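A.B. asks: Spelled out from the first residue to the last, the chains are:
There are 2 protein chains.
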Amino acid sequence: MIDDSIRPQLGIIGGLGPLASADFYFKLTRMTQALRDSEHVPAVILSVPQLPDRTEAILGNHDGPLAPLKAAVSTLNALGVACIAMPCNTAHHWYDQLTANSQAEIIHIGAAVVAQTRRSLDRGRVAILATQGTLVSGFYQDRMSAAGFELCLPANPEFQERVDSAISLVKAGSIADAAIETERALDIAQATGADAALLGCTELSVVAASLNDVGGLVIIDSNAALARACLTWLGFSAQDARGLPTVSRLPGHDRSLRASLITLAQPCSRL
Amino acid sequence: MIDDSIRPQLGIIGGLGPLASADFYFKLTRMTQALRDSEHVPAVILSVPQLPDRTEAILGNHDGPLAPLKAAVSTLNALGVACIAMPCNTAHHWYDQLTANSQAEIIHIGAAVVAQTRRSLDRGRVAILATQGTLVSGFYQDRMSAAGFELCLPANPEFQERVDSAISLVKAGSIADAAIETERALDIAQATGADAALLGCTELSVVAASLNDVGGLVIIDSNAALARACLTWLGFSAQDARGLPTVSRLPGHDRSLRASLITLAQPCSRL
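Top to bottom, those sequences are chains A and B.
The first sequence begins at 35 in my numbering and counts up by one.
The second sequence begins at 35 in my numbering and counts up by one.
All clues given are correct.
Below, in silico cross-link-like pairs of lysine to any residue (SDA-like), each with a Cα-Cα straight-line distance of 20 angstroms or less:
hint : chain 1 : residue 1 : chain 2 : residue 2
1    : A       : 104       : B       : 72
2    : A       : 104       : B       : 35
3    : A       : 104       : B       : 112
4    : B       : 104       : A       : 38
5    : B       : 104       : A       : 41
6    : B       : 104       : A       : 35
7    : A       : 104       : B       : 39
8    : A       : 104       : B       : 41
9    : B       : 104       : A       : 36
10   : B       : 104       : B       : 91
Don't read these hints as lab results, they were simulated from the structure.
What you are looking at is a predicted structure, and each value in this text was computed from that prediction instead of being measured.
Using the sequences plus the hints, can you model the full thing?
C.D. replies: This is the structure we're talking about:
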């Protein structure tokens with residue numbers, strides 16, 4: 035099926051969304067200790083933006099994305115990859131079903147994030163910025179608690195509204211406005227006692243390098259954590275990398291979202 | 035071989051080098067007029083950084099990269115793509131041999147660049163910043179001349195030295211230093227009468243958004259031109275996009291290259 039001369043080691047299920055995948059590929063490359071092409075990871079990115087929306091499926095209690103995700107895993111296995119990464123947190127809702135039929139190891143983004151959090155923080159309260167689908171799936175709550183971190187999900191509904199808005203803005207290409215929305219969510223998290231904030235949606239990883247004010251919070255980038263975990267699993271040396279800095283806005287893609295924020299600090303929900 | 039639910043339309047032979055491919059994927063995504071994931075191009079990137087060096091092969095008069103490039107084309111065809119892009123100018127040396135066995139159209143980066151140059155410039159003298167392999171291959175000289183543009187390759191040997199240095203620096207991850215080297219090459223091109231400069235190596239496309247001083251030259255980015263050509267061929271609407279801005283440097287990857295430049299303006303070679 036594939037010639038040994040071009041066999042990939044890492045398979046990536048991408049396009050969920052495409053900018054988040056480009057960010058992952060960019061960080062994977064920037065984090066690899068390499069001075070020339072041949073020192074980088076041979077990889078294949080299957081970019082499948084046509085998949086049904088993951089959060090809609092989880093909230094609607096159906097498995098629409100599962101069959102195409104399984105097909106992607108099968109194709110990557112047929113291409114001979116040793117391990118697989120999904121730079122989409124929400125898609126990990128179906129992780130167990132996907133690993134069941136994969137010879138290649140699927141690196142769980144949640145495990146990668148917990149390892150990264152441990153490198154950044156001994157203990158403390160971690161706010162999770164993620165899709166509603168990821169939150170319902172619950173794997174971050176389980177894994178963070180099991181690792182000894184306290185969870186902080188602000189009760190103020192504006193927190194999730196800002197997170198959802200930031201994710202949609204990245205998907206629409208408006209990175210600068212998404213950064214503003216993310217900073218608002220971080221404000222609320224910080225005001226409700228968080229020590230760290232997990233960018234637990236890879237759209238928010240795109241925004242990571244564009245954040246100007248994070249209010250002293252430790253920021254954990256799920257895309258960067260996953261890239262590091264893949265490099266380590268494959269035996270490559272990893273180094274720190276910054277993400278995609280703010281890029282200029284494109285015509286027709288920006289909305290005016292600079293309305294002033296009324297921060298209503300409310301106590302955290304302890305999960 | 036691949037399920038219809040995840041079939042890619044665009045196949046990308048990437049990893050030549052990896053940062054150049056990440057830049058291409060990023061620009062392809064940023065240039066797509068889309069507000070949500072499903073409006074983007076389903077694609078597959080086969081990242082093959084393990085391929086033999088293209089310029090070494092051309093200068094050494096051997097075809098080492100051809101067999102693995104053919105294998106990549108076969109794999110992408112087997113995955114059902116409609117067209118193929120190679121975000122590596124030098125690899126186009128083997129374009130005719132690759133198209134011979136490909137059902138999928140291979141979009142020639144040279145054709146994409148000439149179309150982009152026509153959008154930017156009515157006529158004038160174009161300097162080509164490319165690998166020595168691409169220059170020996172000669173397809174830019176042929177295509178630009180056929181399109182009515184005058185070519186300007188500065189006789190000053192420092193021009194090509196700066197270009198080669200910039201390309202190596204990008205491969206080693208030092209984008210900021212590569213930008214300085216590229217600006218030096220652009221200085222020489224401008225001093226010898228160029229109206230426009232083609233970043234005819236996709237490593238230099240990575241640097242495009244980090245250039246501060248281009249001396250009034252019209253800059254043509256081969257990666258952006260190829261991304262636009264792919265979108266157009268596939269029937270997607272394209273918009274302008276900026277590339278990857280300068281990112282912070284990584285430890286152990288920078289060299290001190292800020293030695294002052296002695297610009298010895300010499301007449302262009304008319305090719």
